[in-house]
Each structure stands twice: as structure tokens, then as C-alpha cells.
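Novice: Listed below are the residues making up each chain.
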Amino acid sequence: MKQKEGFVLRTVCGEHVIVGEGLGTIDFGKLISLNETAAWLWKKAGEMGDFSIDSLTAALCEEYEVDAQQARNDVEKMVAQWQEIGIIES
Amino acid sequence: MNTPSDNEIIQSAIKLVNEGLRVTFPVKGYSMLPFIIGGKESVDLVKPEDLQVGHVVLAWVEGCRYVVHRIIKIESNQVVLMGDGNIAGVEHCLLSDVAALAVNVVTPAGKHHDLYAPWRIKASRLWWRLLPIRRWILAIYRRTILKIIY
Numbered sequence: 002m003k004q005k006e007g008f009v010l011r012t013v014c015g016e017h018v019i020v021g022e023g024l025g026t027i028d029f030g031k032l033i034s035l036n037e038t039a040a041w042l043w044k045k046a047g048e049m050g051d052f053s054i055d056s057l058t059a060a061l062c063e064e065y066e067v068d069a070q071q072a073r074n075d076v077e078k079m080v081a082q083w084q085e086i087g088i089i090e091s
Numbered sequence: 555m556n557t558p559s560d561n562e563i564i565q566s567a568i569k570l571v572n573e574g575l576r577v578t579f580p581v582k583g584y585s586m587l588p589f590i591i592g593g594k595e596s597v598d599l600v601k602p603e604d605l606q607v608g609h610v611v612l613a614w615v616e617g618c619r620y621v622v623h624r625i626i627k628i629e630s631n632q633v634v635l636m637g638d639g640n641i642a643g644v645e646h647c648l649l650s651d652v653a654a655l656a657v658n659v660v661t662p663a664g665k666h667h668d669l670y671a672p673w674r675i676k677a678s679r680l681w682w683r684l685l686p687i688r689r690w691i692l693a694i695y696r697r698t699i700l701k702i703i704y
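Quick note, the sequences are listed as chains A and B, same order.
Anchor point for the first sequence: position 27 equals 28 in my numbering, and the numbering is continuous, going up by one each time.
Anchor point for the second sequence: position 106 equals 660 in my numbering, and the numbering is continuous, going up by one each time.
These aren't lab readings, by the way, just hints derived from the structure by calculation.
A virtual CB, placed ideally from N, CA and C, is assigned to each residue, including glycine.
A hint or two may mislead.
Claimed, not checked - Label-pair restraints from in silico Cβ distances:
#, chain 1, residue 1, chain 2, residue 2, range
1, B, R696, A, S53, 50 to 56 Å
2, B, P672, A, G87, 31 to 37 Å
3, A, I54, B, P662, 31 to 37 Å
4, B, T698, A, T12, 42 to 48 Å
5, B, K594, A, G47, 31 to 37 Å
6, A, R11, B, L684, 21 to 27 Å
7, A, K3, B, G664, 42 to 48 Å
8, A, M2, B, K676, 19 to 25 Å
9, B, I691, A, I86, 37 to 43 Å
10, B, R696, A, T12, 48 to 54 Å
11, B, L605, A, Q71, 52 to 58 Å
Generate coordinates for the entire structure from the input sequences, incorporating the hints supplied.
Specialist: Here's what the structure looks like:
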């Protein structure tokens, strides 16, 4: 999987949000708010370029002291949400 | 998570506009009817340059609030604004208080329409001349066309 082009992590009003910047436009009607961990995962996925549930889970476990199964569940949930809103592609 | 206030969100949008980005921003209220339908449509905001009478702008007015209204007069650095959907009342600000220029109106379906297409400019000038009877036209518009469109 990889992130679709044009979706950038920004801080708006102190919150982490993913904004669609296609053609240089940011739509304030379509901001995707993220918590700290989700923002970190998005950044990591961007750095990886091509990522998978396994690679993100491994990265999450390296960064945070978290149970592997719990980390996997969180990553699966997050990735499913990204897929649902269409900001990543296979 | 604290919900940011409207002003905080607007200021974030202005910051991005100042970085040279185009920001699509939802508009509230009916003060720009019939050209912008608040609650349904948005506007594309860009850095304000070469401001003229007739431009729709996001401005900090009367030192207390932001509005997206049309410029009806510019004298030196003084700007007078009025909402197309208002029948009376104007707002004042300085040129430096104009934070962004609206260039497009964006429909809920995501279509971007040029706010300064020749027919829209003509329509807005005609609308200005209809100020004395706007009240009745707007009343009919809100009860009929507005309900059909959205």
C-alpha cells in the first residue's frame, strides 16, 4: 500500500490533520483529524513509501512500548480508516 | 481534543493562504445570497492582490469579526463591504484587514465556479442596483429556488 499523492499531514489549530492539497488547494471542509499515534503512523507510512500492516506494526512496536497484538489491531483499524476515506491505494 | 473556535479555524486558513496555498473554506449564513449559499457552498480563498470593488473577500471588519462579503467601495486604504444577501448595513475595514480574496464558489458536489466570470460580474452589478427591492427578491428566492437547488 502507499499514500495517495496530495494528502499532507499538517497542524491546523494545534490538531494533526491530513489535508488534500491536490492542485495546491486545501479543503477546510474535508480535514481529516488524527491523534498523536495516528499522525505518527501517517508520517511513518509516508517515509516508507510502500508500506504494509506488518511493516507499520513493526515500526509502531519499535517506537512505542506496546503489545505486538495491540499494535497490529491499532494499525489495522487505522489503515482500514485510511482506505475507507480514500487517502491510500494498493 | 479541544474544538477550535471559528476564529482559530479562519486564522489557520489565512496562514495557509499567506503561504501561497489556495484554501477551500465553507461559508456560513445567508449573507451572500444569491451568489454564495452558506451552509452548502464553499469559496476558494487566495492571497489578496489588486483588490477592486466587486471582489468577494474574507476580511476582519469593525475590529471584531470575520466576514466573507463583497467590496462596495475602496477609498485610499479604507474598504467598505456589504453582503449580497443583506438588505442594509455595511462593514468597514482597512485594506490590510482583507485577509483573502475569494476566487471561486464551490458547490457541495465539488464543482468550482469562477466568481468573476463575465455573467456573474454583470449579475452582481445588476443585483447591486436591485438593492431597494432585494428584500422581496430574496424572500422569494429563499422560499423557492433555494429549496429546489439544494
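Novice: The structure should be examined with respect to each hint, and the outcome stated for every one.
Specialist: Evaluated hints:
no., hint, verdict
1, B:R696 <-> A:S53: 50 to 56 Å, "holds (53 Å)"
2, B:P672 <-> A:G87: 31 to 37 Å, "holds (36 Å)"
3, A:I54 <-> B:P662: 31 to 37 Å, "holds (35 Å)"
4, B:T698 <-> A:T12: 42 to 48 Å, "holds (44 Å)"
5, B:K594 <-> A:G47: 31 to 37 Å, "holds (34 Å)"
6, A:R11 <-> B:L684: 21 to 27 Å, "violated (42 Å)"
7, A:K3 <-> B:G664: 42 to 48 Å, "violated (24 Å)"
8, A:M2 <-> B:K676: 19 to 25 Å, "violated (50 Å)"
9, B:I691 <-> A:I86: 37 to 43 Å, "holds (40 Å)"
10, B:R696 <-> A:T12: 48 to 54 Å, "violated (39 Å)"
11, B:L605 <-> A:Q71: 52 to 58 Å, "holds (55 Å)"
Figure legend: structure checked against the earlier numbered hints; hints not met, in rising order: 6, 7, 8 and 10.
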